[in-house]
Amino acid sequence: MIFLLRCLLGHYRRHPVQAVFLLAGVIMANVLLVGTQVINAQSRASYAEGEQLLGAGPTGRLRPTDGGDLIDERDYLQLRLAGFYELAPLLRRVVIGEAGQGLELLGLDGLAMPRPTGQGSERVQASGDGGDYGSFSFPPYELWGAPARLRQLGLAPGEQRALVDGQLLPPAREAPGQTLGHRLVLDIGALQALTDSQGQLSDILVFELAPGRLSALRDALPASLEWVPADEQPDPVALTRSFHLNLAAMGLLSFVVGVFLVYNALAFSYTDRRVLLRRLRLTGVSRRELGGALLLELALFLLFGAVIGAWLGALLAAWLIPGVGQTLAQLYGVYIQYPDALTPGGWWPPVLMTLAAGVLCALFPLRRALSAPLLDRGASGWGLAATAQRDRQLALVGVVLLILAVIIARLVDTVVLALGGMACLLLGAALLLPGVLRVLITGLQRVLPERRAALGWLLADSRWLLGPASLALMAVTLALVANSGLNVMIGSFRTATDQWLEQRLSAQLYLRATEDQRALVTWLEQEAPGAALAERHAVTLQRATPDDSRAVVEVVDLPAVPRFLRGLDLVRGPPDAMARFAAGEGVLVSERAWRLDGWDTGDAVAVCDDFESLPVLGVYHDYGNPVSQWMLAPSVHAACWPSQEPAGLAIHGPDSLDWAAIAAGLSDSLGLEEGDLIDQQSLRGVGMAVFDRTFSVTRALNLLTLIVAGIGIFCAVSAIHHHRVGQQALLASLGMDRRSRGALLLLQWGVLGLLSMVLVWPFGALLAGYLAGVVTPVAFGWSFPLVVLPGPFLALAGTAVGCLLLAVLLPSLRLLGTTPGDLLRWQSV
Amino acid sequence: MLELRGIRKAYHDGEAELLVLDGVDLALTAGESLALLGASGCGKSTLLQIAAGLERPDAGNVQLMGLSLASASEPELARLRREHLGFVFQAFNLLPGMDVRANLLFPRRLNRLPDDDPWVRELVEALELEALLDRPVEVLSGGQQQRVAIARALAHRPRIVFADEPTGNLHDSLSHRVMALLAGLVEEAGSALLLVTHSRAMAAYAQRALQLEGGTLHTPDSENGVEPLEENLETDRGGHSRQAAP
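The listed protein sequences derive, respectively, from chains C and X. The opening position of the first sequence corresponds to residue 373 in this note's numbering, with each subsequent residue numbered one higher. The opening position of the second sequence corresponds to residue 10 in this note's numbering, with each subsequent residue numbered one higher.
No lab work stands behind these hints: they were computed from the structure. Incorrect hints may appear among the rest.
Unchecked claim - Residues on chain X that point at chain C, a partial pick, calculated with CB under 8 angstroms:
| id | residue |
| --- | --- |
| 1 | P84 |
| 2 | E92 |
| 3 | A100 |
| 4 | G106 |
| 5 | F115 |
| 6 | P145 |
| 7 | L149 |
Claimed, not checked - From the derived model, a few chain X residues whose C-beta atoms are all more than 12 angstroms from chain C:
| id | residue |
| --- | --- |
| 8 | E24 |
| 9 | A68 |
| 10 | S184 |
| 11 | S208 |
| 12 | R209 |
As the list claims (entries may be wrong) - Covered by chain X, per the in silico footprint, the following chain C stretches (three or more residues, Cβ under 8 angstroms):
| id | segment |
| --- | --- |
| 13 | 823-830 |
| 14 | 1185-1195 |
Where a beta carbon is used, it is the ideal one built from N, C-alpha and C, also for glycine.
Using the sequences and the hints given, assemble the complete structure.
Listed below in structure tokens is the structure:
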């Protein structure tokens, strides 16, 4: 067997490109799949561990009963004085660094945090000597962050980051092993001073209570606080399921692209060895022995490639996790641990999948190679008739998959099914490619004048080329369709979000709630006549959905001012919905509440205990919100939560006012700090920046998939050029000089690339429509109109064809640099 | 028409050098046919490729149609091949995806010669290709493919035809038929023929034959029906006398 294996491997000594091609396919099938699986595994592990703050997991927390976000520190001190040492204060603030990046800071009282004992004690320490609560809690304080987060911020240990208002954060210190995600932790007193939040808390954390202590605590709570157990917090697994499914789908897409390349590489390898296999069989080697040796050879390649792929995938995951963590925090408010070392979890299922897919890929070409007649003359194996038949079969499967995608689109109700439909659409498009290309090339052959010999050869040869190159082209098409579809989807979503923000941010200025609201109103009356103040309130509740499950609902109010009412664009609802809403006759619900939690127009909802049920009047867009939202008229909100402090303030008025001067005047006269006041355009900019960061990981994975396909086409072209030797020798002998042959080669691949784009365009738009109309509404509860512009498509076509030509250039130069005599000699080898 | 002087060519495998041509001299006049005989791997295909400008020698000079190949540029060589040379390969090297007609007319179209020409009709008739003209070349048998390859090599009436083992992939009786057609049509076209073959029987279709052995050309012995070099040289001096096929 070893002798046989060495004999078979000898083929790769002569054709090393094929070995590289096969290995590259296996590696690339693995990298992104392992990367996304490791990220998902890391996230699941973080969710399972629950929220950990400095090594301790709270069993619950005390929250304001009015649903707001501010706790008076005196309430906490009262409880501590009453002997409840299981409590610790928490302040959450977002500050802006001098470079403009948002930094989410958590303020904790290190001395109030429980002290783990024994083996776990190291968990409360940051790295290095003395990284304990001592240096954390006393000046100059320390800013603790996950090593990956500090690296992401370019913050070296000991370094201090300046904020936009000139203040300095404490010296940075690495805190490995915490579930901090992209949050940075510092002493609560330091944070209160930094953000002018003296006396304010966001939460009071409650740690392990002795039996009976919980009821005592509840009895001791002031009316302004309520106990919320940790298990009543939104389940991060359920909350982020769609996100992780989408991530897994991106990994699977790249896996499929890699599998196409593996199949292509194996088809080359086995087809090129038909003569060798026939000769071995003629010398007495049985089919079984030959098949066994070939499978062993395949196993070596698969294992080697899978191990390298898994290693690269883990590196990729480590690189992407900070971005993913940021997206998760922004989208869902959940935090994952950034790994300090490569995480092994999550890599072995992709490796097994690669092994299984590799064996499946080998079956067909292997069976064909082994079952060839002994007296077969060992023809090229890429005969036109055989490949044309194969293309027809592929096209048939493609059409079936597309029909399946249409059926799924009509029936879909789960994210898994929606992604399955998307996979059908993508694969269907890819499988149609060879057949469509063949029809297009044949059509061109009929249209072009016969006497253009070189052009005639180019088209005829392109039809032949579809045999060996179609799988690589299919892989590229798959990646391009996915790329253009995702780009159109993200572009459309971005446009919709931008327009939505422009509508929704009706006021010209937004402020943090201020204690001295009276002074603000007086200033506006005196200095900016025409400008008015509107309060914004928000309450987070748990409510039973129409199908009797529980859902987190954010309840907000909308000032009954025409300017604000006009800014709300309803997805559905009767024409008089807004008028009835302004009159306090009902509520509006977000699209997510309608699509995912089931509240529809006409349903009655119980807003609060002391208020009658109100009908749902309409549904509005609420992009980017991970939880359902209800919107109330201010009168209804005030009736339900009469004493609630506003969460924010909005100043609005005619556009003709000098809003920059008003903002400056407000800041000066009320002593507002940077970040307390923000104008409409800046807030819109912040919203769009969050949007762009949210899709940064998707964009990165999308680009990586395209790179995978690009490497694939490079390997495929290199392998195919071995088969072009005879043609090139003939063209040279017929008097075509090197320049003409080179131009023909590039033109040929350029034509193939452009013709492939014929399929990429419609299917890219279809995929975008599928993502916007099917996947996103089911996964996130958001829908948006599709904006298909020719510009990005043309740019993608140009880039794709350019990259294709670059991929073709190097192998072509090698081919063209060979003398016709050598070409003839190679051909006969 | 074709003159090779002091041609030397070696192949390198690591530090080992394999000298296949060691100062070869050869001349081919207009309308003459010459067979190069030799064992497999002796360098006869290399000699043909050097003679046709497809390969450059390590030393020596090739004069082809008055052009010194050593100093000719790549475009000049390409033009020479396109306009004046024809090639027949052992592996046929037809253009897949194209039918017989397009393959046959390919060199004419490259040279911007009209498709419709009495000589083309004559070739089609002589090689019995009428029924095959619209068929894709992939479905043809080996013999049919080589007939198309011969037609293509002659379609633009080249001054010299280079044939490298043109019957190497064909069985015996077919080989003789194809070879007879090739030799007959080359003569009819007024072209010269440089034929490389390992078969003495095929070499007998040429007016004279030379054997390549040890890197140099020798006169083959006459026992297999090929005239000795001296007689060939006599023929050279006294004009052309085609030898009958065995």
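So, going through the hints one by one against the coordinates:
no., hint, result
1, P84, "5 angstroms, holds"
2, E92, "7 angstroms, holds"
3, A100, "6 angstroms, holds"
4, G106, "3 angstroms, holds"
5, F115, "5 angstroms, holds"
6, P145, "7 angstroms, holds"
7, L149, "12 angstroms, violated"
8, E24, "19 angstroms, holds"
9, A68, "16 angstroms, holds"
10, S184, "16 angstroms, holds"
11, S208, "17 angstroms, holds"
12, R209, "21 angstroms, holds"
13, 823-830, "holds (count 6)"
14, 1185-1195, "holds (count 4)"
Violated hints amount to a single one, hint 7; each of the other numbered hints is respected by the structure.
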